[in-house]
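**Student:** The chain contents come next:
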Amino acid sequence: GQQLNQSPQSMFIQEGEDVSMNCTSSSIFNTWLWYKQDPGEGPVLLIALYKAGELTSNGRLTAQFGITRKDSFLNISASIPSDVGIYFCAGRPYFTGTASKLTFGTGTRLQVTL
Amino acid sequence: EAGVTQFPSHSVIEKGQTVTLRCDPISGHDNLYWYRRVMGKEIKFLLHFVKESKQDESGMPNNRFLAERTGGTYSTLKVQPAELEDSGVYFCASSHQAAGNTIYFGEGSWLTVV
Chain P
48 GQQLNQSPQS MFIQEGEDVS MNCTSSSIFN TWLWYKQDPG EGPVLLIALY
98 KAGELTSNGR LTAQFGITRK DSFLNISASI PSDVGIYFCA GRPYFTGTAS
148 KLTFGTGTRL QVTL
Chain S
-6 EAGVTQFPSH SVIEKGQTVT LRCDPISGHD NLYWYRRVMG KEIKFLLHFV
44 KESKQDESGM PNNRFLAERT GGTYSTLKVQ PAELEDSGVY FCASSHQAAG
94 NTIYFGEGSW LTVV
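Here the protein sequences come in this chain order: P and S. Sequential numbering from 48 applies to the first sequence in the working numbering. Sequential numbering from -6 applies to the second sequence in the working numbering.
I should point out that these hints are in silico values taken from the structure, not numbers from a laboratory. Don't take each hint at face value.
Derived SDA-like pairs: lysine to any residue, alpha-carbon spacing no greater than 25 Å straight-line [unchecked claim]: (1) P:98 to P:111; (2) P:148 to S:9; (3) S:34 to P:54.
To spell it out: a stretch of chain S is covered by chain P in this simulated footprint if at least three of its residues, at any positions, have a beta carbon under 8 Å from a beta carbon of chain P; those stretches are [as the list claims (entries may be wrong)]: (4) 13 to 23; (5) 37 to 49.
Here a beta-carbon is modelled for each residue, glycine too, at the ideal position from N, C-alpha and C.
Pulled out of the complex, with its shape left as it was, chain P reads as follows (with noise of 0.2 Å):
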C-alpha cells in the first residue's frame, strides 16, 4: 500500500524557534493535509493543500504542496509550549479507488522547552 514517510520523529526546540517538518512519498498525492493531534485527543486538521505548489499559511503555520506531488512540508515559526503534540501529514493518492480514504505519515512529536 501507500506509505508516507514523515520526518522527523521527534523534536526538542526552544519558545520561539521556528520548526520545519516534512512528508514524502514514492507514489503521487492530490491532496495534502497536516493535522495535529494533543495528547488524549483525536487529529485535528491545521492545513489543507489541493493543488502542486500551492502555499498555504493559517497563523504561524505554513505548508506547502510539492511541485513533483510527491512532498509537502509544515513549517511552525516562532514555536510557543502549546504547540507540543504530534504533527501528521496525511494525503490521498492520485489513484485512489476511494476519494476521501487518508493516508497518513508516522507523525512528527514537537516537544517545546521554555
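Here the structure of chain P is known, so what remains is to put chain S in place on it, guided by the hints.
**Tutor:** Below, chain S without anything else, positioned relative to chain P:
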C-alpha cells in the same frame, strides 16, 4: 455543534473477550470513517461508510473486526475475539458529502488488550 463523539474513551479487556466501540458522527455527515493507530505506528484507514453502506472496507485487518452503521447514523466497531495486537487507538471521523476533504476526527477510543 457537537463534534464526532466516541465511546468508550478507554477500554481494557482480556485477550479473547469482545469489545464494541461506538461512534456518533457530526449530525448530517454522510461519510463516516474508522481509523486505527497502533503504538508508534501511523494512523491507518480501516473502513468508510457512506450513509449505511460500506464504501470501502479494504483496511479491515481480518474477520475479527465487524463494523456496522445501521440507519446511517451512529456506527459500531466490534472486535471479537480481541487479540493483543489489536491494542491501540481507534479513531472515528466524519465528513459532509459535499465537502469530503474536510474530515473531522473524534477523540479516539483507546483499547488495551491484556
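**Student:** If a hint holds in the structure, say so; if it does not, say that too.
**Tutor:** Hint check results:
no. : hint          : result
1   : P:98 to P:111 : holds (9 Å)
2   : P:148 to S:9  : violated (30 Å)
3   : S:34 to P:54  : holds (13 Å)
4   : 13 to 23      : violated (count 0)
5   : 37 to 49      : holds (count 5)
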